[in-house]
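**Q** Residues per chain are reported as follows:
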Amino acid sequence: MTSSNRVRFFFFNVCMLFLLFFSAKTYASIGDCLVCHNNKEFEMTLDNGSTVSLYINSGKFRSSIHGKFDCVICHTDYKVNIHEQKMQESKTDNKEIDIIAKTKGRQKIVLLSCINCHKKEFNDYRQSIHGKVALEGNHDAPECIDCHGDHYIRPSDDLESTVNPSEAPTTCAKCHNEALLMARYDINTYTYITYEESFHGKKLKLGSGRVPACTSCHGVHDIRAPEDPASEVNEANRLKTCGKCHTGASVKFVLGFSHNMPSPKVDPLIFYVGLIYKWFIIIMISAMAIYVILDFFKTIFVRRS
Amino acid sequence: MQEKHNEIEYQRWDIHQRIQHFFLLISFTLLMMTGLPLKFPDSTISKVLMYLFGGVESAGKLHRIAASVLILVSIYHVIYLVYKIIKRKNVWAMLPRWKDVQDLLGMLKYLFGIRPDRPRFDRYTFTEKFEYWAVIWGSAVMIITGFIMWFPVFTTRILPGIFMPLSKVIHSYEALLAELAIVIWHFYHAHLSPDVFPMSRIWLTGRITEKELIHKHPLEFERMKRSNNSPGINTNEANRNEFPSSESQ
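Residue numbers (the numbering used here), protein chains in the order written: chain A, 15 to 319; chain B, 41 to 289.
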């Protein structure tokens with residue numbers, strides 16, 4: 015063996031060792047997945063003819079809170095041989111499997127992915143109105159990724175997070191502004207617009223970090239219906255909830271806050287005062303403008319002649 | 041320029057009125073710049089203003105400081121009026137009367153060419169009275185509703201909770217009305233009107249020229265002449281008397 019041959023042989027062996035090492039791994043690493051999924055044109059055609067993008071922005075994913083994880087930590091169904099293996103439920107203990115037994119499809123996959131680590135959040139979520147409905151197998155109710163996003167989840171104190179107080183109203187409005195969806199549950203669709211119009215909402219839009227967003231009053235993972243006695247916005251608990259910021263809030267104070275849309279039937283005083291003011295402004299300002307324009311041209315005309 | 045110096049001028053605003061106007065101007069402008077962005081939070085101008093004021097929280101503090109200035113100016117004005125009444129000066133010329141309605145109709149007829157001459161105005165024209173009372177009304181409304189929102193926990197100990205959202209609605213609309221009125225009505229009469237363009241200087245000097253006085257307030261001018269009280273002052277003279285026809289009865 016010449017020396018150059020020996021080097022070549024050594025190099026070959028090292029390569030083989032590396033290959034052996036990687037092939038012995040039981041699951042695919044993120045690099046393996048991104049070979050295809052980092053491609054912007056990568057998509058899949060569904061049975062109904064629509065296409066779904068399968069693109070993952072790797073940079074954005076890496077900067078997310080789960081950026082150091084391998085794909086299969088959450089995508090538990092792709093553990094060994096990608097794209098063929100059935101969903102694996104091995105890492106989740108039986109108690110939670112029972113709880114999510116009624117869910118199926120995307121909902122089940124999502125819950126299975128997250129509850130492996132986020133047990134406390136899941137237990138809060140179970141008690142919430144969203145969780146109760148979702149665990150009945152109802153696909154209308156949001157699960158984790160509907161609020162938090164999927165691949166690019168950021169911690170809630172990150173300003174870019176979908177659940178940061180500055181973004182929370184937009185995130186909640188994704189469903190709560192949907193008239194058809196809300197009508198099924200007899201929920202009104204003006205909660206967002208009344209918040210947006212409120213002093214809290216306007217200050218939030220201008221970048222205040224001190225004003226409450228939806229979750230500040232309604233709870234986070236354990237958002238409950240206002241009728242639920244444990245809800246933070248239930249009448250029994252409002253003194254405490256408002257008092258978090260407004261020290262010394264009284265019953266009368268608390269009654270001033272609502273998501274009511276003023277109308278002739280609800281809060282008629284506010285409705286009519288607003289209506290009268292609006293028309294008073296329109297008429298008054300138009301009259302002023304007309305007078306001023308007339309006066310301007312008359313003065314110029316008189317001076318010329 | 042020389043000619044202008046020898047023009048006869050009349051003292052119309054005393055120093056207190058000029059101080060009041062100055063602080064009203066400052067506080068109104070600040071209140072508008074810090075308040076309007078809340079009404080239009082999506083606008084880029086609002087975001088720029090918030091940036092300039094160092095964020096919405098410090099803009100809020102500035103709004104309250106400017107509001108305090110407005111409250112102090114209002115108190116100053118009330119004390120000033122009470123003092124004048126005690127001194128038996130005539131402060132009643134600002135009160136609205138039937139002649140103002142006739143003047144408005146007369147002015148409209150004149151503007152539409154139905155009558156050839158302008159109505160003959162007295163000490164205050166109806167446009168000036170309208171503006172004065174708009175400021176009085178607006179300040180009262182803004183101070184009361186602003187106070188309710190400034191101290192919500194305190195005010196709801198006395199008032200029902202509904203007064204908070206109600207105050208917000210009133211404060212917001214009244215502010216818009218006041219700002220539009222200033223931009224259209226006041227800026228026209230004090231700046232853009234061909235009679236005063238580019239600016240009436242009464243808020244700085246407190247004086248108006250004889251020409252302007254005869255043009256705008258002929259009745260007052262004639263009464264002054266009749267009282268034969270040598271009311272006019274030459275701007276070259278150091279000695280400036282108060283305006284006799286308006287201030288004494």
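These are calculated hints, taken from the structure and not from any lab test.
Hints may be right or wrong, so weigh each one.
When the alpha-carbon atoms are kept at most 30 angstroms apart in a straight line, the in silico DSS-like pairs for lysine-lysine are as follows [as the list claims (entries may be wrong)]:
hint: 1; chain 1: B; residue 1: Lys129; chain 2: A; residue 2: Lys292
hint: 2; chain 1: A; residue 1: Lys188; chain 2: B; residue 2: Lys139
hint: 3; chain 1: A; residue 1: Lys258; chain 2: A; residue 2: Lys292
hint: 4; chain 1: B; residue 1: Lys129; chain 2: B; residue 2: Lys251
hint: 5; chain 1: B; residue 1: Lys139; chain 2: B; residue 2: Lys127
hint: 6; chain 1: A; residue 1: Lys258; chain 2: B; residue 2: Lys79
hint: 7; chain 1: B; residue 1: Lys251; chain 2: B; residue 2: Lys79
hint: 8; chain 1: A; residue 1: Lys54; chain 2: A; residue 2: Lys116
hint: 9; chain 1: A; residue 1: Lys312; chain 2: B; residue 2: Lys87
hint: 10; chain 1: A; residue 1: Lys258; chain 2: B; residue 2: Lys101
hint: 11; chain 1: A; residue 1: Lys266; chain 2: A; residue 2: Lys54
hint: 12; chain 1: B; residue 1: Lys101; chain 2: A; residue 2: Lys266
hint: 13; chain 1: B; residue 1: Lys79; chain 2: A; residue 2: Lys279
hint: 14; chain 1: A; residue 1: Lys116; chain 2: A; residue 2: Lys74
hint: 15; chain 1: A; residue 1: Lys292; chain 2: B; residue 2: Lys169
hint: 16; chain 1: B; residue 1: Lys169; chain 2: B; residue 2: Lys87
hint: 17; chain 1: A; residue 1: Lys134; chain 2: A; residue 2: Lys82
hint: 18; chain 1: A; residue 1: Lys292; chain 2: B; residue 2: Lys127
**Q** Out of the numbered hints, which ones does the structure contradict?
**A** Numbers 1, 2, 3, 7, 8, 9, 11, 14, 16, 18 - these are the hints that the structure violates, sorted from lowest upward.
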